[in-house]
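Trainee: If you want the building blocks of each chain, they are given just below.
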Amino acid sequence: MEENIKIEIKDFSFLYHKKQVIHNLNLKIHKNEITSFFGPANGGVTTLLRSLNRLFELNHDTHTKGDILIDGKSIFDPDSSVTELRRKVGMVFEIPAPLPISIFDNVAYGPRLKKKKSKSEINDVVEQALKQAALWDDVKDRLKAPAMSLSGGQQQRLCIARVLALQPEVIMLDRACSGLDPISTAKIEESLFQLKEEFTIVIAPHNVQQAIRISDRAAFMLMGHLIEAGTSDEVFGSPKDQRTNDYITGRFG
Amino acid sequence: MKKFKENLPGHIFLLLALSSISALALITGFIVVRGAPIITDVGLKDFAFGMSWAPSLEEYGIFPMIIGTVAVSLGAALIGVPIGICCSIFLSEFAPPFITAIFRPAIQLLAGIPSVVYGFWGLIFIVPFIRDYLGGPGLSILAASIILAIMILPTVISISEVSLLALPKQYKEGALALGLTHWQTIRIVMLPAAKSGIVAAVILGIGRAIGETMAVIMIVGNAVAMPESILDPVRTLTTNIGIEMGYATGVHQEALFATGIVLFIVIMILNATAQYIVSSGKQARGKERQKS
Ligand SMILES: Nc1ncnc2c1ncn2[C@@H]1O[C@H](COP(=O)(O)OP(=O)(O)OP(=O)(O)O)[C@@H](O)[C@H]1O
Ligand SMILES: [Mg+2]
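These protein sequence lines are chains A and B, in that order.
Per my numbering, residue 1 is the first one in the first sequence, and the count goes up by one each step.
Per my numbering, residue 254 is the first one in the second sequence, and the count goes up by one each step.
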């Protein structure tokens, strides 16, 4: 096994009820890189991300086939803990939903549960997470203010911070910038560049431009099929498949 | 004229709406007019805190009944609220769909059982049980509390459940995605976020317990005395009216209306509190929605 593979998706299929929405997907996701899954609506990207942290288990009547390995170990292993998996694989959603509590508490409540930690340790973790999410300067003077008083972009960065505070290994962002203005988006992308030094990042970009801007590797998904995957240069520079080419040049459909 | 025609439906609905409001005004006015004189005659303090209720001796003190009402309602809340909230958590979070499909209508049915049936059932099962195993006459605060606890369950369960289900699903997913367990998610994220609805459910449930009459008359013993334990019989404000209104005349009747005023005020305060809590919760959430 190559040294820098973090996640290996092996012949993975996903079914809602009897409807198959991911078909025999094989892919390796590398450490310290940004991998994006992109494609037209209903391609199965959200479903795939929700598979990586087993969040799909909230839905009734779902089935998976194949396997997903993180650091060589199956996430579906009956002995493995799903809460540990979710701490390791943090997820930021399309719609930011901070809790109706203070900015500080939104970031702190995860780490507080994780281990017995002293107040000052928690403070440090929160501060570092907010800095990594490029939110610290905006909120350092009003940590006790309600999270709802933040702008949409700030709320999204707060949600990134609360994932970072758990010191995960993988961060997944599902269209995390779709509701945001270009400046907030730029800030988040900038923090992603820094974060990849430390983490493995998987994202569903909100458009092709964003995918081109930030990806190291990209995977094009169409109706549950992985059409092609490779480095950013390969996929966006010289796509092998006509459909990929059509999509990134905006000639799709 | 044309304008009037266009507005006609509005006028008709206004009229009908006014009629229901005026019913409220009429009842309130009637109770106040009939009950207020005695409060001024006897004095509010002697009326509300008087220890002796003996209409034949012209003694009108309702304090033991206030205590009776408080004891019975508090007992009902202590038993019914935890069960009700747990039930609503179970229904909204744990129960598989086929269980909820059975539970929900069953609970609605519970709300539809006439209170005299509850009273009868209590008299046949609860009262003898308490008499035989715990002592006392059986007709007691405890018996009434148990029956009232069952009667307030539908209120507590359905309102709490609705407020839990109304939470944005992102709260739950976000918390689970952070690696919280299901129970931690419920405890740390969902219950606090649904707090205002749950508190309102509790208050409305207590309001129902305070107002219930028929079932309580049948099992609470109705003795006008300060209780010393939960196995003692008491009389509540509602049962006092229910028992004596049939034959009361003159000042005695006025005293019963005055009892009604006291009840009315208590219930109004409770309902207003519930309204306030619910609306402040909604406002807070409304703000969040705007933001996101
Ligand atoms: N809870 C569900 N139950 C049944 N089908 C679902 C459910 N969620 C998603 N699907 C279906 O699965 C398919 C893939 O959906 P998914 O949300 O993963 O796609 P996506 O690539 O994230 O789409 P989008 O670009 O709109 O975000 C779609 O056909 C969708 O209708
Ligand atoms: Mg999606």
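A few of these clues could be false.
Unchecked claim - Listed next, the in silico BS3-like pairs over lysine-lysine satisfying Cα-Cα at most 30 Å (straight line):
(1) A:Lys115 x B:Lys448
(2) B:Lys448 x A:Lys119
(3) B:Lys448 x A:Lys114
(4) B:Lys448 x A:Lys117
(5) A:Lys115 x B:Lys258
(6) B:Lys298 x A:Lys140
(7) A:Lys144 x B:Lys422
(8) B:Lys256 x A:Lys114
(9) B:Lys256 x A:Lys131
(10) A:Lys18 x B:Lys448
(11) B:Lys448 x A:Lys140
(12) B:Lys448 x A:Lys144
(13) A:Lys144 x A:Lys117
(14) A:Lys240 x A:Lys19
(15) B:Lys422 x A:Lys65
(16) A:Lys19 x B:Lys448
(17) B:Lys422 x A:Lys88
Claimed, not checked - Sample of chain A residues at the chain B side, in silico, Cβ under 8 Å:
(18) Asn26
(19) Leu27
(20) Pro40
(21) Lys65
(22) Gly66
(23) Leu69
(24) Ile75
(25) Asp79
(26) Ala97
(27) Phe104
(28) Tyr109
(29) Leu113
(30) Arg162
(31) Ile227
These are computed hints drawn from the structure, not numbers from a lab.
No residue lacks a Cβ here, since even glycine has one placed at the ideal position from N, Cα and C.
Trainee: For each hint, tell me whether it holds in the structure or not.
Mentor: Now the hints, each set against the structure:
1. A hinted pair counts as satisfied when its Cα atoms are at most 30 Å apart, and A:Lys115 with B:Lys448 qualifies at roughly 27 Å.
2. Using a Cα cut-off of 30 Å, the hinted pair B:Lys448 and A:Lys119 holds, with the two alpha carbons roughly 26 Å apart.
3. Distance hint between B:Lys448 and A:Lys114 is fulfilled; the C-alpha atoms sit about 25 Å from each other, no more than 30 Å.
4. Note on B:Lys448 and A:Lys117: the hinted pairing holds, with a Cα-Cα distance of about 27 Å set against a maximum of 30 Å.
5. With a C-alpha separation of about 70 Å, the suggested pair A:Lys115 and B:Lys258 falls outside the 30 Å cut-off, and the hint is violated.
6. Under the criterion of a C-alpha separation no larger than 30 Å, the hint pairing B:Lys298 with A:Lys140 is inconsistent with the structure, at around 56 Å.
7. Distance restraint check for A:Lys144 and B:Lys422: the Cα-Cα separation of roughly 25 Å lies within the 30 Å cut-off, and the hinted pair is therefore satisfied.
8. Restraint check: the Cα-Cα separation between B:Lys256 and A:Lys114 comes to about 67 Å, which exceeds 30 Å; the hinted pair is violated.
9. The straight-line distance between the Cα atoms of B:Lys256 and A:Lys131 is roughly 63 Å, outside the 30 Å bound, and the hint therefore fails.
10. The hinted pair formed by A:Lys18 and B:Lys448 fails the criterion: a straight-line CA distance of about 38 Å is larger than 30 Å.
11. As the CA atoms of B:Lys448 and A:Lys140 are separated by approximately 29 Å, the hinted pair is consistent with the 30 Å bound.
12. With a C-alpha separation of about 20 Å, the suggested pair B:Lys448 and A:Lys144 falls inside the 30 Å cut-off, and the hint holds.
13. Under the criterion of a C-alpha separation no larger than 30 Å, the hint pairing A:Lys144 with A:Lys117 is consistent with the structure, at around 20 Å.
14. With a CA separation close to 29 Å, the supplied pair A:Lys240 and A:Lys19 stays within the 30 Å bound.
15. A hinted pair counts as satisfied when its Cα atoms are at most 30 Å apart, and B:Lys422 with A:Lys65 qualifies at roughly 27 Å.
16. As the CA atoms of A:Lys19 and B:Lys448 are separated by approximately 38 Å, the hinted pair breaks the 30 Å bound.
17. With a CA separation close to 22 Å, the supplied pair B:Lys422 and A:Lys88 stays within the 30 Å bound.
18. Interface hint status for A:Asn26: violated, as the beta-carbon distance to the closest one in chain B is roughly 25 Å, over 8 Å.
19. A distance limit of 8 Å between C-beta atoms decides the matter here; for A:Leu27 the minimum to chain B is near 21 Å, and the interface restraint is violated.
20. At about 24 Å, the closest approach between the beta carbon of A:Pro40 and any beta carbon in chain B exceeds 8 Å, and the interface hint on this residue is violated.
21. Evaluation of the A:Lys65 hint against chain B yields a violated restraint, the C-beta minimum of about 23 Å exceeding 8 Å.
22. Nearest Cβ of chain B to the Cβ of A:Gly66: about 22 Å, over the 8 Å cut. The hint is violated.
23. About 19 Å separates the beta-carbon of A:Leu69 from the nearest beta-carbon of chain B, more than 8 Å, and the hint is not met.
24. This hint is violated: A:Ile75 has a C-beta 13 Å from the nearest C-beta of chain B, more than the 8 Å allowed.
25. For A:Asp79, the suggested interface contact is broken, since its CB lies about 17 Å from the closest CB of chain B, more than 8 Å.
26. Residue-level restraint check for A:Ala97 holds (minimum Cβ-Cβ distance to chain B is 3 Å; threshold 8 Å).
27. A distance limit of 8 Å between C-beta atoms decides the matter here; for A:Phe104 the minimum to chain B is near 15 Å, and the interface restraint is violated.
28. For A:Tyr109, the interface hint holds, the least distance from its beta-carbon to any beta-carbon of chain B being 6 Å, beneath 8 Å.
29. For the restraint placing A:Leu113 at the interface with chain B, the shortest Cβ-Cβ distance is roughly 6 Å, inside the 8 Å limit, so the hint holds.
30. Interface hint at A:Arg162: satisfied, since its Cβ lies 7 Å from the closest Cβ of chain B, which is below the 8 Å cut-off.
31. For A:Ile227, the interface hint is violated, the least distance from its beta-carbon to any beta-carbon of chain B being 28 Å, above 8 Å.
Going down the numbered hints, you'll see the structure goes against 5, 6, 8, 9, 10, 16, 18, 19, 20, 21, 22, 23, 24, 25, 27, 31, while the others check out.
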